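A.B. asks: Please build the complex by placing chain B on the supplied structure of chain A, with the hints as guidance.
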Amino acid sequence: MEPFLKRLANGEVLIADGAIGTMLMERGLEPGRPPESFNLTHPDVLEGVAREYLESGADIIQTNTFGGSRLKLQACGLGDRVLEINRNAVLAVRRAVGDSAYVYGSCGPTGQFLEPYGQVSVDEMYAVFKEQISALFGAGVDVICVETMSDLNEATCAIKAAKNSAQVPVMATMTFDHTPKGFYTIMGVTIKEAVKGLEEAGADVIGSNCGNGIDRMVAIAREFRQYTELPVAIQANAGIPELVGDRAVYPETPDFMAERAGELLSLGVSVIGGCCGTTPAHIRALRTAVDSLRR
Amino acid sequence: MKGSDMGILEDISSALQRGNGKDVGKLVEEALAGRREPKEILDNGLIAGMNVIGQKYKDHEIFLPEVLLAAKAMYAGMDILKPLFLSGKMPTLGRVVIGTVQGDIHDIGKNLVCIMLRGAGFEVIDLGKDVAPKKFVDTAVNEGARVIGMSALLTTTMPVMKNVVELLKKDGLQSKIKTIIGGAPVSDEFARHIGADAYGYDSMQAVERIKRFFSEA
Chain A
183 MEPFLKRLAN
193 GEVLIADGAI
203 GTMLMERGLE
213 PGRPPESFNL
223 THPDVLEGVA
233 REYLESGADI
243 IQTNTFGGSR
253 LKLQACGLGD
263 RVLEINRNAV
273 LAVRRAVGDS
283 AYVYGSCGPT
293 GQFLEPYGQV
303 SVDEMYAVFK
313 EQISALFGAG
323 VDVICVETMS
333 DLNEATCAIK
343 AAKNSAQVPV
353 MATMTFDHTP
363 KGFYTIMGVT
373 IKEAVKGLEE
383 AGADVIGSNC
393 GNGIDRMVAI
403 AREFRQYTEL
413 PVAIQANAGI
423 PELVGDRAVY
433 PETPDFMAER
443 AGELLSLGVS
453 VIGGCCGTTP
463 AHIRALRTAV
473 DSLRR
Chain B
392 MKGSDMGILE
402 DISSALQRGN
412 GKDVGKLVEE
422 ALAGRREPKE
432 ILDNGLIAGM
442 NVIGQKYKDH
452 EIFLPEVLLA
462 AKAMYAGMDI
472 LKPLFLSGKM
482 PTLGRVVIGT
492 VQGDIHDIGK
502 NLVCIMLRGA
512 GFEVIDLGKD
522 VAPKKFVDTA
532 VNEGARVIGM
542 SALLTTTMPV
552 MKNVVELLKK
562 DGLQSKIKTI
572 IGGAPVSDEF
582 ARHIGADAYG
592 YDSMQAVERI
602 KRFFSEA
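If you're matching them up, the sequences are chains A and B in order.
Note that this note's numbering has the first sequence beginning at 183, numbered continuously upward.
Note that this note's numbering has the second sequence beginning at 392, numbered continuously upward.
Chain A on its own, in the form it takes in the complex (with noise of 0.2 Å):
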């Protein structure tokens, strides 16, 4: 496989998959259960997970690994099985793409406040994420993938343990909510200032995941692109759920973020790909709309 950064610098547009853990939720996870669970007990799971958005069109598929952190683990009785956790979910993905997608190591938020908001020291967190990021890397990941940002500070410790301790490209997403004021994460951190301190820890491709539909990330990444040079990666939601009958739906079908995805491709978007709602059927139509649009 050719580097993925190469391909960026290329110009090439790659397409990354969608939400896990509400797949997992269908093949037997049982709610309340950390996803990252299944790491241990249904490798196969993932690895057919995995397989499915691969045949969807994906050329990069995440690690089932959000939660995989030590600080994360541990308030689910999991604490001292990080390397395990993070290990199984790399190979179970491996298995199912060999090398004919990007198997990126996905490392979300501990759930924990950095001092002094909150009880732990920034040594104590680059820590964490270097224990998980070393696993991640040592299992063979091709990208570290720091995503669902709130907090400027402790992305910045996850992309430096990334950089110190994986020799491999790395990814770094925030989530941001929209105000009347503009695009802020619930840790008051705006678009400018995402990309300048993303940029400052190293990350490679930048951008944000989570929290909003498609036509808020249009306009999300609109504004990282009028600040940085750097790929910029998006991956939206399906929408925000809304009500059908007794269950919450994400509103936003493959078709209609797929109508929208040449916006993103016309920003010079990198990396499109899919968070909470979205499925195989999303990034197949992702990856038929960038096809067609860049044919």
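Watch out, some of these pointers could steer you wrong.
Label-pair restraints from in silico Cβ distances [stated by the list, open to error]:
(1) B:Lys561 / A:Gly427: 18 to 24 Å
(2) B:Lys447 / A:Pro433: 30 to 36 Å
(3) B:Lys480 / A:Pro213: 34 to 40 Å
(4) A:Leu475 / B:Ile499: 35 to 41 Å
(5) B:Glu557 / A:Ala309: 43 to 49 Å
(6) A:Ala309 / B:Lys560: 45 to 51 Å
(7) B:Glu452 / A:Glu441: 32 to 38 Å
(8) A:Val302 / B:Asp434: 32 to 38 Å
(9) A:Gly259 / B:Glu557: 29 to 35 Å
(10) A:Glu212 / B:Lys417: 45 to 51 Å
(11) B:Ser566 / A:Glu441: 47 to 53 Å
(12) A:Ala309 / B:Lys567: 47 to 53 Å
(13) A:Gly444 / B:Val532: 54 to 60 Å
Footprint (simulated), chain A over chain B, 3 or more residues, beta carbon under 8 Å [claimed, not checked]:
(14) 454-465
(15) 534-547
(16) 575-582
Derived DSS-like pairs: lysine-lysine, alpha-carbon spacing no greater than 25 Å straight-line [stated by the list, open to error]:
(17) B:Lys447 / A:Lys363
(18) B:Lys449 / A:Lys374
(19) B:Lys447 / A:Lys374
(20) A:Lys363 / B:Lys449
Just so you know, these hints were derived from the structure itself, not from any lab.
Since this is a predicted model, take the numbers as computed values, not measurements.
Every residue, glycine too, gets a C-beta built ideally from N, C-alpha and C.
C.D. replies: This is chain B only, laid out in the frame that chain A set:
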């Protein structure tokens, strides 16, 4: 009261707004030494300060870090005041049981509502996350709480909220214990659909609606 008498209480409020717990502690001690009533310090110092924080947060002038620091400062002040009240209990607007529903372990939003409720003068019993329906109801009954607040961040866990409402109905408690829900996937419409009494779009709206429960009763 003379204008200057408010001075130290205003100082407490602004130290709290700056998130300076040390200063809040010192100033509360000072106010007590100056014979201010604990209730006065609580209402016009700590709660007044949290009011400003809540409003600024709602207006997106400040964000979670400032709120968390202010909350820490508020607790620093409350810890000093608490033993001074008769029976060691803080005066309160009412008691609220709160938690993230079973199957869901997201708690930032729920914690924020706890902060804002305490900052508004409510007593909060925080059951944490992954809370079973029966535990919500049993705790509310045993502790004499009049409100149950539920949070969910997942489309897959929000149906649990309905189970809590149903359990209250079954036990004939629906008129005594009000329910309010919050979290990214839920809405006013969902609250109506499951028979919950209210929905809080954000932490401040949750506090307003809970206040309304108590004023209606």
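A.B. asks: For every hint, state whether the structure bears it out.
C.D. replies: Evaluation of the provided hints:
One distance hint, 18 to 24 Å for the beta-carbon pair lysine 561 (chain B) and glycine 427 (chain A), holds here, with the actual separation near 23 Å. For lysine 447 (chain B) and proline 433 (chain A), the Cβ-Cβ distance of about 32 Å falls inside the hinted range of 30 to 36 Å, so the restraint holds. Distance hint check for lysine 480 (chain B) and proline 213 (chain A): the Cβ-Cβ separation is about 36 Å, which falls inside the suggested range of 34 to 40 Å. As the Cβ distance of leucine 475 (chain A) to isoleucine 499 (chain B) is approximately 38 Å, the hint placing it in 35 to 41 Å holds.
Against the hinted window of 43 to 49 Å, the Cβ-Cβ separation of glutamate 557 (chain B) and alanine 309 (chain A) comes to about 46 Å, which satisfies the hint. Restraint check, alanine 309 (chain A) to lysine 560 (chain B): a C-beta distance of roughly 49 Å satisfies the suggested window 45 to 51 Å. Separated by about 37 Å at the C-beta atoms, glutamate 452 (chain B) and glutamate 441 (chain A) satisfy the suggested range of 32 to 38 Å. Against the hinted window of 32 to 38 Å, the Cβ-Cβ separation of valine 302 (chain A) and aspartate 434 (chain B) comes to about 34 Å, which satisfies the hint.
Taking 29 to 35 Å as the suggested C-beta distance range, the pair glycine 259 (chain A) and glutamate 557 (chain B) conforms, at roughly 30 Å. Between glutamate 212 (chain A) and lysine 417 (chain B) the beta carbons are some 50 Å apart, a value that agrees with the proposed interval 45 to 51 Å. Range check, serine 566 (chain B) to glutamate 441 (chain A): about 49 Å between beta-carbon atoms, so the 47 to 53 Å window is met. Between alanine 309 (chain A) and lysine 567 (chain B), the C-beta spacing of about 49 Å keeps the proposed range 47 to 53 Å intact.
One distance hint, 54 to 60 Å for the beta-carbon pair glycine 444 (chain A) and valine 532 (chain B), holds here, with the actual separation near 56 Å. For the stretch 454-465 of chain B, the assignment as covered by chain A holds, since 7 residues bring a beta-carbon within under 8 Å of that chain's beta-carbons and 3 suffice. Only residues whose C-beta sits within less than 8 Å of a C-beta in chain A count toward coverage, and the stretch 534-547 of chain B has 3 of them, enough to reach three; the restraint holds. Under the rule that three or more residues need a Cβ within less than 8 Å of chain A, the assignment of the stretch 575-582 of chain B holds, with 6 such residues.
For the hint linking lysine 447 (chain B) to lysine 363 (chain A), the alpha-carbon distance of about 13 Å falls within 25 Å, and the restraint holds. Proposed proximity of lysine 449 (chain B) and lysine 374 (chain A) is supported: the alpha carbons are some 22 Å apart, at most 25 Å. As the CA atoms of lysine 447 (chain B) and lysine 374 (chain A) are separated by approximately 22 Å, the hinted pair is consistent with the 25 Å bound. Of the pairs offered as hints, the one joining lysine 363 (chain A) and lysine 449 (chain B) holds, with about 12 Å between alpha carbons and a cut-off of 25 Å not exceeded.
When the structure is compared with the earlier hints, no violation turns up for any of them.
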